[in-house]
Amino acid sequence: MTFKSILDEIENNLKKVLNDMSIDDVSFSVEPAKPGFGDVSSNVSFLLAKQLKKSPQDIAKSISERFSHCTNTLVLKSEAHASGYLNFFADWKKLSQLILSESYLDTFGDIDLGKGTTIVVEHTSVNPNKALHIGHIRNIIIGDTVSRILKKANYNVNVLNYIDDSGLQVADIVVGFKHFGYDQEPPNGKKFDHYCGDDVYVKTTEKYEKDAGLESIRKNVLKDLEDGNSETAMFADKITRRVLAGQLETCWNLDVFYDCLNFESHIIRSGLWDKIFANLKDMGLLEFENDGKNAGCWVIRGDGKEEDKVIVRSNGTATYIAKDIPYAAWKLGMLEDPFCYERYPEVQSSDRDLWQTTLDSACTASKNFTGDKVVTVIDSRQARLQKIITYLMGRFKSVPDAYVHLGYESVTLSSETAKTLGLDTDGKQAQMSGRKGLYVSADSVYDMLREKTKEETVKRHPEMDVAETEKIAHHVSVGTLRYEMIKQDLDKMITFDLTKSLSLEGDTAPYIQYSYARASRILEKSGKVPSIDVDFSLLCENSELDLIKNIGLFNLQVRDAANNLSPKVIARYCHELAVSFNSFYEKSKVLNLDDACLENSRLCLVNSFKITLKKALDLLGVKTPDRM
RNA sequence: GGGCCUAUAGCUCAGCAUGGAUAGAGUGUUGGACUUCUAAUCCAAUGGUCAAGGGAUCGAAGCCCUUUGGGCCCA
Numbered sequence: 031m032t033f034k035s036i037l038d039e040i041e042n043n044l045k046k047v048l049n050d051m052s053i054d055d056v057s058f059s060v061e062p063a064k065p066g067f068g069d070v071s072s073n074v075s076f077l078l079a080k081q082l083k084k085s086p087q088d089i090a091k092s093i094s095e096r097f098s099h100c101t102n103t104l105v106l107k108s109e110a111h112a113s114g115y116l117n118f119f120a121d122w123k124k125l126s127q128l129i130l131s132e133s134y135l136d137t138f139g140d141i142d143l144g145k146g147t148t149i150v151v152e153h154t155s156v157n158p159n160k161a162l163h164i165g166h167i168r169n170i171i172i173g174d175t176v177s178r179i180l181k182k183a184n185y186n187v188n189v190l191n192y193i194d195d196s197g198l199q200v201a202d203i204v205v206g207f208k209h210f211g212y213d214q215e216p217p218n219g220k221k222f223d224h225y226c227g228d229d230v231y232v233k234t235t236e237k238y239e240k241d242a243g244l245e246s247i248r249k250n251v252l253k254d255l256e257d258g259n260s261e262t263a264m265f266a267d268k269i270t271r272r273v274l275a276g277q278l279e280t281c282w283n284l285d286v287f288y289d290c291l292n293f294e295s296h297i298i299r300s301g302l303w304d305k306i307f308a309n310l311k312d313m314g315l316l317e318f319e320n321d322g323k324n325a326g327c328w329v330i331r332g333d334g335k336e337e338d339k340v341i342v343r344s345n346g347t348a349t350y351i352a353k354d355i356p357y358a359a360w361k362l363g364m365l366e367d368p369f370c371y372e373r374y375p376e377v378q379s380s381d382r383d384l385w386q387t388t389l390d391s392a393c394t395a396s397k398n399f400t401g402d403k404v405v406t407v408i409d410s411r412q413a414r415l416q417k418i419i420t421y422l423m424g425r426f427k428s429v430p431d432a433y434v435h436l437g438y439e440s441v442t443l444s445s446e447t448a449k450t451l452g453l454d455t456d457g458k459q460a461q462m463s464g465r466k467g468l469y470v471s472a473d474s475v476y477d478m479l480r481e482k483t484k485e486e487t488v489k490r491h492p493e494m495d496v497a498e499t500e501k502i503a504h505h506v507s508v509g510t511l512r513y514e515m516i517k518q519d520l521d522k523m524i525t526f527d528l529t530k531s532l533s534l535e536g537d538t539a540p541y542i543q544y545s546y547a548r549a550s551r552i553l554e555k556s557g558k559v560p561s562i563d564v565d566f567s568l569l570c571e572n573s574e575l576d577l578i579k580n581i582g583l584f585n586l587q588v589r590d591a592a593n594n595l596s597p598k599v600i601a602r603y604c605h606e607l608a609v610s611f612n613s614f615y616e617k618s619k620v621l622n623l624d625d626a627c628l629e630n631s632r633l634c635l636v637n638s639f640k641i642t643l644k645k646a647l648d649l650l651g652v653k654t655p656d657r658m
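Residue numbers (our numbering): 31 to 658.
Watch out, some of these pointers could steer you wrong.
[Claimed, not checked] Quick list of in silico lysine to aspartate or glutamate cross-link-like pairs, EDC-like style, CA-CA up to 20 Å:
| # | residue 1 | residue 2 |
| --- | --- | --- |
| 1 | 466 | 245 |
| 2 | 221 | 481 |
| 3 | 449 | 500 |
| 4 | 501 | 519 |
| 5 | 617 | 629 |
| 6 | 45 | 88 |
| 7 | 517 | 606 |
| 8 | 34 | 606 |
None of these hints come from the bench; they were simulated from the model.
Construct the entire structure; sequences and hints are all you get.
The structure is reproduced here in structure tokens:
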């Protein structure tokens, strides 16, 4: 058990006390205390003030008095603070032993929210016509981190990437290659996805703008794409798969992995839409409009003042939301699976198989990538559309929150960075645009970070061999990028600035990784494996107790993060852990102490910290080099 | 015109869900700490009418209403 043990003990005893005082059950809080106010605090007396017509302080006093007669194993004493808070002081000798010995277990930090149920997390979902830019990276890292957290919370997680390989953006690069004569091989070794995005896509779009007559070519290509057997569609398939390979390379480099790639073209050709269309009509969720501006269309009624949403136009064609509905229903496992599955030709990592949908019925692999719940990570510009899907899925599947849209605000470019890309924004931030070529690619940011961290590492360790330097630089760069993408709240916009994003000090991944490296070095130099059989009363400095407390809060943080689908909770926790370790590091010497018992106790704490931080950083997909 | 998000220190952000104690970090600026387990570190100083106004409450950064600035979506 962890710090949760003492919280539970206090809560139970408080309930007994309230029962003795014949007070109705109130839902009071029992939380880790703010520094300087003991170890645990409760607001119970504030909540009772009205009912008992007494001051919070008087109530706290009488509860505290009764509390002292309860059987307390982890609490030394309780105290009624003048403010009215009830504060508790832990018996650290016992609590430290509980927390530290627990931290050595593989299951440390686990919390059973999912009960082994299956949940789908879909993220990335970028058109396969360009390289990933820094805005896509926010989506990808949020999705990957959330899926790691949910796994820790005992969900069985299926990670999907939806490949939109049949839309307008794909048509555009096909036009570029087929009609504007772009070579299929990128110049001087440029990555294919970058070539398609930077050159073919952007320049093809420019040509449309100059010559409106080209629009008909574009429409014809789009039409050809719909027929899967057309020569155009086969060509598009070849191109988009090459781009996809480039995108996946970027993701894998950032330690982001998937379970299955779902191709939009397969969804369209599978006939899923016809099935769901019939269902929607049966359930009365779709209505046929007889008059008004949507006459002849099938619509979903808007909520309140909202406009009705057209699903099928009067000419019988489905709008693009129509693709999302059957797909969402499929993800929730509510439709018979029309797909077959085959392995993706490239291996993404040693322990994670990657599959892809196929309509080739010769592939008989039996797979199920659906879930009881679905989390779809898409930026909040899609909120309106996602709200409709959420509503419909709620009607289909009677599980509350079965379909969750995890939205986040987008990444914009700072005016300085926009300027380096040739756009003067007059001091304002700028929205990225793949079409206009206004973006910063993920690969280029990674490359810059790696150059800088390599330089730093060489400066610190001139003696180190190149392979190790490269490895450290890689892990620190990936960590930095990942941490930057999730350390703030999802509903806060990120204004990306090339210069500022390269900072490696302060609230960054390297700061946290550095604390890990320090702990590693202490243990390495000690040359011993610390024994857990130590006298925990020796760990009595404030900095030591703080660190132990933070270690003990791990599973509670995982619970919060999973419940709220909030990756930043874990980011902040890792930072807190590192801060308390660095503070301990300054104040308490570990090695070469005269007192062997004390030395072992501290080594034990260092080891416990190291293990916990590694587990927590693993949830963020941040690696932990032993030296840096 | 309708909807969503946002406003806290010079700058970037925690805290808000579930109202209570002294509003916290980083960064910046200024000063200090490496013959001591790695200074990508630590310590100190500096810096806040929590956008404005109103309301309910014993009590509001947090809840409700209005207004304003910024971003986005739909029309």
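Structure-based check of each hint:
1. This hinted pair checks out: residue 466 and residue 245 have alpha carbons roughly 18 Å apart, not beyond 20 Å.
2. For the hint pairing residue 221 with residue 481, the CA-to-CA distance comes to about 19 Å; that is within 20 Å, so the pair holds.
3. Between residue 449 and residue 500 the CA atoms are separated by roughly 31 Å; this puts the pair beyond 20 Å, and the hint is violated.
4. A C-alpha spacing of about 30 Å is found between residue 501 and residue 519, which places the hinted pair above 20 Å, so the restraint is violated.
5. Restraint check: the Cα-Cα separation between residue 617 and residue 629 comes to about 14 Å, which is no more than 20 Å; the hinted pair holds.
6. Taking the CA atoms of residue 45 and residue 88, the gap is about 18 Å. The hint holds against a cut of 20 Å.
7. Using a Cα cut-off of 20 Å, the hinted pair residue 517 and residue 606 holds, with the two alpha carbons roughly 12 Å apart.
8. Of the supplied pair hints, the one linking residue 34 and residue 606 holds, its CA atoms being roughly 18 Å apart against a limit of 20 Å.
Violated hints for the displayed structure, listed by number in ascending order: 3, 4.
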